[in-house]
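The task is simple: from the sequences and hints, build the whole structure.
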Amino acid sequence: MSTTESTKTRPEPAADSWQIGSLEWLAVVLVLLLLVRNRLAGWLSGPGLQTWTTVFVSVMVQAVPFLVFGVVLSAVIAVFVPRSFWARALPNHPALAVPAAGMAGVVLPGCECGSVPIAGSLIRRGVTPAAALAFLLAAPAINPIVLTATVIAFPGQPQMAVARGLASLVVAVAMGWLWLRLGKTEWIKLPHRPDLDDASKARAFWAACRHDVMHAGGFLVLGAAAAATINVVVPGAWLQKLADDPIVSILVLATLAVLLSICSEADAFVAASLTQFSLTSRLVFLVVGPMVDLKLISMQAGVFGRRFMVRFAPTTFVAAIVVGTAFGAVLL
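The sequence shown begins at 10 in the working numbering and counts up one residue at a time.
These aren't lab readings, by the way, just hints derived from the structure by calculation.
Just the calculated beta-carbon pair ranges, DEER-fashion:
1. Lys-250 x Leu-105: 46 to 56 angstroms
2. Val-85 x Ala-335: 29 to 39 angstroms
3. Phe-278 x Gly-57: 20 to 30 angstroms
4. Val-116 x Leu-44: 49 to 59 angstroms
Even for Gly, the Cβ is constructed at its ideal location relative to N, Cα and C.
Structure, rendered in structure tokens:
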């Protein structure tokens, strides 16, 4: 077929076709801001905005350093660590690789914000998703920094740190094994990233860093904004009334851990301040928080896809409540 003929067979774009782009969305936002400018001015001068800003900034300040750490480590894994390394480092059998990956969280101090891009990079390098997910859940909860902070936050109660470490590891391994049993490969859809194999090591490293910072960082901002909004909307007096019922208090603190989205290096001090709640309910708060919160849910959706997030996050939430409650009843 000649070039002229192939050109004639191509469909011509419709002359009247029109798509909404970023310029159109910006115009819509500007019009809406113009319409609500008077009410918006009142909101911006109120104490609610000050609280929202404080919470948002605090979440970002806590999370960004660990996000950067995770992004850099993810880039190192993607560029400098050969695929054959993971075949040697982890057991060949997937069921054994899951607890091994979970225990690896002990030697990699970091926040849950950093563990998400690391887990995505591990999957790209050929690690079985079940093992990568076990690492994702375990690393923010059982690393030495978090456990030391828990001991300091609960002086005279070392069993709190022990219960937190054991319960978190059990949840991580159980979720990894559950993925082996029920998980499907098509549920994980990693975002497209530039091909790093054909570039120099330095260029590939910075390309991976830029990609993950832009991708995971955007979802972190959304999660932090949602957490700040919840802090402003939910009245603090409600918590006092709900603390008396042992079952309700567990569910309340589990939900609060999701909504507050506190970094795992700081959540122990928040839990210690909630003295109206039982130790078991506060343990559940510490187990749920590093595994399921608003910023984590947003980041998981961005790194692994929405089909993964809507299955993995709720299941992890339930498992963390059940296991945390069981360890609290036995050890606390």
